[in-house]
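Trainee: Sequence:
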Amino acid sequence: MRQNMHPTLLKGCIQINYLSHNLLVRSKQNQNNMKTTVTVFILIMALSFTLSAQTIWNGPTTTFSKADGADWTLEANQDRLTDNVWLTRANSKGLFNIAQETSASKVTGAESPAGTLWAEGTTSNIDGLTFNTLENAIGGSVKNAVGRDLVLFLVDDNIYLDLKFTSWSSGKAGGQGGFSYERSTAGSTSVNATLNKGLSVYPNPVSDRLFIDLDAGINAMQIKSLDGKTIKEINVLTEGYIDVSDLSSGIYFITAKGFGTTRFVKK
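Residue numbers (the working numbering): 218 to 484.
Worth flagging that the hints you see were computed from the coordinates, not collected in a lab. Check each hint, because a few of them may be wrong.
With a cut-off of at most 25 Å between alpha-carbon atoms, the simulated DMTMM-like pairs for lysine to aspartate or glutamate come out as follows [stated by the list, open to error]: (1) Lys483 <-> Glu318; (2) Lys381 <-> Asp366; (3) Lys441 <-> Asp463; (4) Lys446 <-> Glu328; (5) Lys484 <-> Glu318; (6) Lys474 <-> Asp460; (7) Lys449 <-> Asp463; (8) Lys484 <-> Asp463; (9) Lys474 <-> Asp344; (10) Lys441 <-> Asp430; (11) Lys360 <-> Asp288; (12) Lys446 <-> Glu399; (13) Lys446 <-> Asp460; (14) Lys483 <-> Asp366; (15) Lys484 <-> Glu399; (16) Lys323 <-> Glu292; (17) Lys446 <-> Asp344; (18) Lys484 <-> Asp460; (19) Lys483 <-> Asp344; (20) Lys381 <-> Glu337; (21) Lys441 <-> Asp373; (22) Lys484 <-> Glu456; (23) Lys323 <-> Asp285; (24) Lys483 <-> Asp374.
The structure presented is a predicted model; accordingly, all values stated were derived computationally and were not measured.
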C-alpha cells in the first residue's frame, strides 16, 4: 500500500518516518517562482531517520587547559564539549576523547580523539576546508600546531567550532602531558546555523541511492572520504540521485560548488 507521508519540522530538523527504502519522487513546476517541489511517496516498513541542520559554534571564546601531571580522569581536566566529546590528555601521548575511549590511539581507522574530525582554517571559510584526523589535519604532532587556526568537527553532534592550541608539553614517556587551547562556544546565535546553503541529501544513513534536493539546481558534485580523497565526481546530475552502493561503509562529505558541503553516512 502506497502512502504519501509529509515531513515533520522539528526546530531545524526534518524527520521522516517510513517503512521501506523504496522512494518514488515526483516533481512539479511552480509557474510563479519556477521552483521545483518534490513529493515523496514512501512504502511503510518501520524505519526513521533525521536530517539535522549542521551547527557552527560562534559564541565567545573560552580557554581550556590541563596542567602538567594533572589527573586526566577528573572532570576538571576534561573539556566536556557535549555528552559525546570530552577532550583530555594523559601524561604521555596525544589528545583523546575520554567519553568514548580510555587512551590515545594511532590505529588506522580508530585514531584519537574518537568522534572528531579536524581541519586547518576557521569556520568563516568552512566550505573550503578538508576534514581529517587530528594528526593528519595538522601534519604531525600537535606541538607543531600551536598558534594555528583549526576547526573541530564533533561528528555525532554535527557541530563545528574554532579552536587554537596555545601550549603543548612533552607527551613522551616521563613527560607531563599538559596542554591548553582557546575555542569558540555555543553562544546564543549558534543553534542550527546551517552550513550547507541549500545542499540537502537523503536518506542519511544511505545504502544505495543518495537523493539530492532537486530544488537547489545542483549539477557538479564531489564525494570525498574523511582523509580528503575524492571518491566520486559527478559533472551532470540527471536522475536526482547518486548511486553510492559501491562505497565502503563509513562517513563521507559531499560538496556542490556554491551550495557548500554536507556529511552523509554509508551503511
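Trainee: Starting from Lys483, check that the Cα of Asp366 is at most 25 Å away, please.
Mentor: violated (30 Å)
Trainee: Take a quick look at whether Lys360 and Asp288 sit within 25 Å of each other, Cα to Cα.
Mentor: holds (21 Å)
Trainee: Hint check: Lys484 vs Asp463, CA-CA at most 25 Å. Holds or violated?
Mentor: Since the Cα atoms of Lys484 and Asp463 sit roughly 11 Å apart, the hinted pair holds (cutoff 25 Å).
Trainee: Between Lys483 and Glu318, does the CA-CA distance stay at or below 25 Å?
Mentor: Between Lys483 and Glu318 the Cα gap is close to 23 Å, so the pair holds against 25 Å.
Trainee: Given the hint that Lys484 pairs with Asp460, does the C-alpha gap stay at or below 25 Å?
Mentor: Given pair Lys484, Asp460 holds - Cα atoms ~13 Å apart, limit 25 Å.
Trainee: CA of Lys474 to CA of Asp460, is that 25 Å or under?
Mentor: holds (19 Å)
Trainee: Can the restraint linking Lys441 and Asp430 be considered satisfied, given a maximum Cα separation of 25 Å?
Mentor: holds (19 Å)
Trainee: Next pair to validate is Lys484 with Glu399; report whether the Cα-Cα distance is within 25 Å.
Mentor: Distance ~35 Å between Lys484 and Glu399 Cα, so the pair is violated.
Trainee: Lys381 and Asp366 were given as a pair; does the straight-line alpha-carbon distance stay at or below 25 Å?
Mentor: holds (5 Å)
Trainee: Between Lys446 and Asp344, does the CA-CA distance stay at or below 25 Å?
Mentor: holds (16 Å)
Trainee: Between Lys323 and Asp285, does the CA-CA distance stay at or below 25 Å?
Mentor: holds (22 Å)
Trainee: Lys446 and Asp460: Cα distance at most 25 Å?
Mentor: holds (18 Å)
Going through the hint list in order, the structure does not satisfy hints 12, 14 and 15.
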